[in-house]
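Visitor: Listed below, chain by chain, are the residues.
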Amino acid sequence: MTSPPPLCEFRSVCKWYGPVIGLNDVSLRIDAGITGLVGHNGAGKSTLIKLLTGQLRPSLGSVRIRGHRAWSSAAKRHIGYCPDLDAMYEEMSGRAFVEALARLHGYSRREARERTDCQLARVGMADRATRPLRTYSKGMRQRIKLAQALVHDPDLVVLDEPLNGVDPVGRTELLQLFRGLADQGKAVLVSSHILDEMDTLADQIVFVCRGRLIASGSLAEIRAMLDRFPLKIRVTAPDARRLAHALLPLELVRSVELASPDELVLEVERATEFFPHFNSIVARDGFDPERLEVLDASTEAVFEYLMRTVTHPW
Amino acid sequence: MPLMGTLRATWHLFVVSLLRLVRSRQTAVSLLLLAFAALAVIAWSIRRERTPAQFTEEIFLTLYTSLLVPIFCLCYGTVGVASDREEQTLVYLLVSPLPRPFVYLAKTAAAFVPSLAWTLGSLALLCWLGGAAGRKVWPVVWPASLFASLAFVSLFSVFSVLFRRATVLALTYALFLEALVGNLPGIAKRMAISFYMRCLVFDSAEQFQLSLRGLFQPEVFLPIPGSTAQNVLLIASASLLLFGLVVFCLREYASA
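Chains as they are written, first to last, in numbering that gives the first Met the number 0: chain R, 0 to 313; chain P, 0 to 255.
Careful, some of the hints might be misleading.
Claimed, not checked - Among chain P residues calculated to face chain R with C-beta under 8 Å, some are:
id : residue
1  : ARG7
2  : VAL15
3  : GLN87
4  : VAL90
5  : PRO184
6  : TYR252
7  : ALA253
As the list claims (entries may be wrong) - The calculated SDA-like cross-link candidates involving lysine to any residue, where the alpha carbons are at most 25 Å apart (straight line), are:
id : chain 1 : residue 1 : chain 2 : residue 2
8  : R       : LYS137    : R       : ASP85
9  : R       : LYS137    : R       : GLY169
10 : R       : LYS137    : P       : GLN87
11 : R       : LYS137    : P       : ARG84
12 : R       : LYS231    : R       : ALA258
13 : R       : LYS137    : R       : ILE48
14 : R       : LYS231    : R       : LEU194
15 : R       : LYS137    : R       : LEU194
16 : R       : LYS137    : P       : THR88
17 : R       : LYS137    : R       : ARG112
18 : P       : LYS135    : P       : ILE223
19 : R       : LYS231    : R       : ALA296
20 : R       : LYS137    : R       : ASP83
21 : R       : LYS137    : P       : GLU86
22 : R       : LYS137    : P       : ARG19
23 : P       : LYS135    : P       : LEU33
24 : R       : LYS137    : P       : GLU85
25 : P       : LYS135    : P       : ARG19
Stated by the list, open to error - Partial selection, computed: residues in chain P whose CB lies under 7 Å from chain R:
id : residue
26 : HIS11
27 : LEU93
28 : PRO98
Rather than coming from a laboratory, the hints here were simulated on the basis of the structure. Here the structure is a predicted model, which means the values were calculated and not measured. Here a beta-carbon is modelled for each residue, glycine too, at the ideal position from N, C-alpha and C.
Next up, chain P with everything else stripped away, as it sits in the complex (with noise of 0.2 Å):
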């Protein structure tokens, strides 16, 4: 196939991915998930005055870090491949002319945009609806929002990639492994994206002077500069969206 007759059949699977996730049942639960937050955030909000402090505490790094970023991300993420695997339609994209990197490259990049669209999108709101406080917080915390959602998403495609429950199991290390790891002692909390995501919030709200206790006291939590952060989370969202890539261009789907 020509050139440009691969790069407009790889739009055009882009944005048949894209219209396929954005009108999938991962909306309807995307958007569940964002009333029961944004109702959490307006019930803490309305009770007294709040900081900045506070909001970046208790609501990003406790219920948007932990729970929304990972939930929006495998939502779209995990079902790249793994959907049509599912749905026994990847055998349309195997035999058809345009090479499987650019097959990945577009559902991939199909998965990026709403993710990213749920996870700022969440926090916009969230901010807002948390008042002064959270209109203080946005410009600081959207760039780790971004850099982990990126990261997020590059790793639940390789899910996608290697696994036909992917959902299932992303599932389980969003919410498992990824917590588990995360809050580990030394220096094994380095192997989570989480880690990275609060170690660039940490470094970036200093200004609010954010009383950090438990597992987040600087001693126990270890944390690394935000530009090193910024750095590994850009590198890993590279290697993970090459991994899958490799990977889907090698692999051998049998049962498509």
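Isolated chain R, as found in the complex (with noise of 0.2 Å):
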């Protein structure tokens, strides 16, 4: 028996625009789960979602939707696609606009109006949905392009800056919608500038800067990976001085900071062996860390020092 097609995947794919390139040389999978898609502005992200969505075609390479070439018509059964543009039927009804483009994925009106209704409700939009759409804050139209994006119950959700505009009550709404997603199996592609919540909410990552794919997998995954940066951590117990002199002598630690009595901030290699030790050391000691933190495992931390890399390979 053969497998089912992966859900998205991007195969040795190049995107020029005349003599300027817009992608290069991308191979990637998207499957269930959140994916974040992170870049500068000009990385190449809009042109990797447009290919997703079958707005663009690939010069080189394919992009492929459940085995369907993304540009077809098959493989957009599978995408919801929220844009990052503020522009919808300024005329229409938030219900009437949902209900439209639901009627474009061929529903009868019946079946689009209950999968509006449903949608409207799951956005939290169901009571304000009958106001012309020129009417509403910026807040509530990204929650009609939610909706429109998830009415046809896609396999794919491809988000392009959902949480610009939205408060922040209404952003954990989102994110728990995002999350929600992702738990019933789909997969979810969050482009976003606002990289603190790439930390919590995303199970992998994809890093893209000028046109090139420099990075993906799970955040955890990508530090490992930069040995170059040594991992800062701070570790908050009662002896810190007396701790700080126990770790000094292992190799992996290169440097450590006693940031107040009982405060370390330590630089240490390779992160996944110096763990074990650590906790031996602690064990063997007897010391009582109240608190580990990584500080420079953040997505943000994380792109800086990918960035780096890209910019001084050396």
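Fit the two chains together into the complex; they arrive one by one in their own frames, and the hints show the way.
Guide: Pasting the structure below:
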């Protein structure tokens, strides 16, 4: 029995805009779960999303959704897209807009209406959906765009800056919604410049820079690969000075800073090897660390290190 | 998407596009233009008794063919895909599973309806306002209006696929290129849609004994038979429709 085709696969994809390269030799798989897409402006995020949603065709290589070319109609049935552009049919109400786009999926009026109601409730807009779109706040418009992306129950949801303009409460609700989609076995690709949210949201992160995919995987995996940049760890322990003394002989510890009488900041290499050593020292000498916090394994820090690696490889 | 679903989605897109076109400012522009044309015809007809030949020459060929038909057609023909691009809503159509040929057909069909309604409706109104002369002209000239409108809308739909500022370009084309090329001596004017429209009218309105002068003299104008002109307009409409469809299907809209 053959296994089903992957949900989304980029194979050696290049995209040129005339002489300008938008994406260069990108190979990538996106599976169920939340994938964050991170990169500076002009890095190739938009090109990657447009290729994925079938708005553009690759110059070289292939983008396939469930085995279909992303450009094809068959592939588009599997994709829900929430664009970053704030453009909608302004004269329509939120409900009419979502229903209109639902009907483009071939649903009957009744089914489109049922699906629209369901998704409007899901994004928290059921009671406000009859107002014209032009009267909506930015956050409400984001929710409507999200509802139209989900209306046909796609396997892959592509969200381009989905939290722009959403208030903190709404942000929490939407993050829960994204997590819920992932828990249902859907793949969610989130492109966002708010890197803090990626830390907790994304199961894996794709970093792009200058049209190239520079790293992909879980944040921890990518951070572990960045050997050149020692991991900064803050340890809160009652006897920090003695703990520092015990850790200093370790070859993996590059520096120790006593930030306060009960707080250390360590710089360590090869974190995966360091932690077993740390544990054994703690157990052997009877230390009682209260808190262990990795300071530079956030998306933002990893992104910064990756950018440094790309711009200054040596 | 199954065929039934595709047809349903296409029909829905047609209806949505049609409603958006009818409620657009293009309708206000067309209404204003028609009001001016109607006033001009009223002023023209109340001075003295007019003949069908005079109505054909002074109203139909001058005012209606040169100005009203291209403007009504470009008002709706150019906004099909181009307005979605300008408003940045084209992305919703491009990422929908509705195949692109159906998107184009739905958008273009939606443009045909108000364009034909305006061109034929305005012709009927002007003929009615033109009195007895106008009412005699209507049954003779409406097919020319219909075929020319089909060709104009097909052409302007191609503009809407190719250019973001399709309306401006189409206006330039209609008011300058069409007028210029359509009045060139020799056979160069055969590039203009209005040439075929006039040929159709010259042929079908022969009974009115038109006294064609200046550029419209047969020796200068070199008309072709009406049936040929009709076929050319039909073939041109179909070819332009097909061309627009192919371009839309192949084209990548990087900033949709």
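Visitor: Would you mind marking each hint as holding or not holding in the structure?
Guide: Here is how each hint holds up against the structure:
1. ARG7: holds (5 Å)
2. VAL15: Cβ of VAL15 (chain P) sits 6 Å from chain R, so the hint holds.
3. GLN87: For GLN87 (chain P), the interface hint holds, since the closest Cβ of chain R sits about 4 Å away, which is under 8 Å.
4. VAL90: Cβ of VAL90 (chain P) sits 5 Å from chain R, so the hint holds.
5. PRO184: violated (41 Å)
6. TYR252: Nearest chain R Cβ about 6 Å off; hint holds.
7. ALA253: holds (6 Å)
8. R:LYS137 with R:ASP85: holds (8 Å)
9. R:LYS137 with R:GLY169: holds (12 Å)
10. R:LYS137 with P:GLN87: Roughly 16 Å between the alpha carbons, so the hint for LYS137 (chain R) and GLN87 (chain P) holds.
11. R:LYS137 with P:ARG84: holds (21 Å)
12. R:LYS231 with R:ALA258: holds (13 Å)
13. R:LYS137 with R:ILE48: holds (22 Å)
14. R:LYS231 with R:LEU194: Since the Cα atoms of LYS231 (chain R) and LEU194 (chain R) sit roughly 19 Å apart, the hinted pair holds (cutoff 25 Å).
15. R:LYS137 with R:LEU194: holds (20 Å)
16. R:LYS137 with P:THR88: holds (17 Å)
17. R:LYS137 with R:ARG112: holds (24 Å)
18. P:LYS135 with P:ILE223: This hinted pair holds, its Cα atoms lying about 24 Å apart.
19. R:LYS231 with R:ALA296: holds (8 Å)
20. R:LYS137 with R:ASP83: Distance of about 11 Å is within 25 Å: holds.
21. R:LYS137 with P:GLU86: holds (17 Å)
22. R:LYS137 with P:ARG19: holds (23 Å)
23. P:LYS135 with P:LEU33: Within the cut-off at roughly 21 Å; holds.
24. R:LYS137 with P:GLU85: With a Cα-Cα distance of about 20 Å, the restraint between LYS137 (chain R) and GLU85 (chain P) holds, given a limit of 25 Å.
25. P:LYS135 with P:ARG19: Violated, because 36 Å separates the two Cα atoms, which is more than 25 Å.
26. HIS11: holds (4 Å)
27. LEU93: holds (5 Å)
28. PRO98: Hint on PRO98 (chain P): holds, closest Cβ of chain R at ~5 Å, below 7 Å.
Hints 5, 25 from the list above are not met by this structure, while the remaining hints are.
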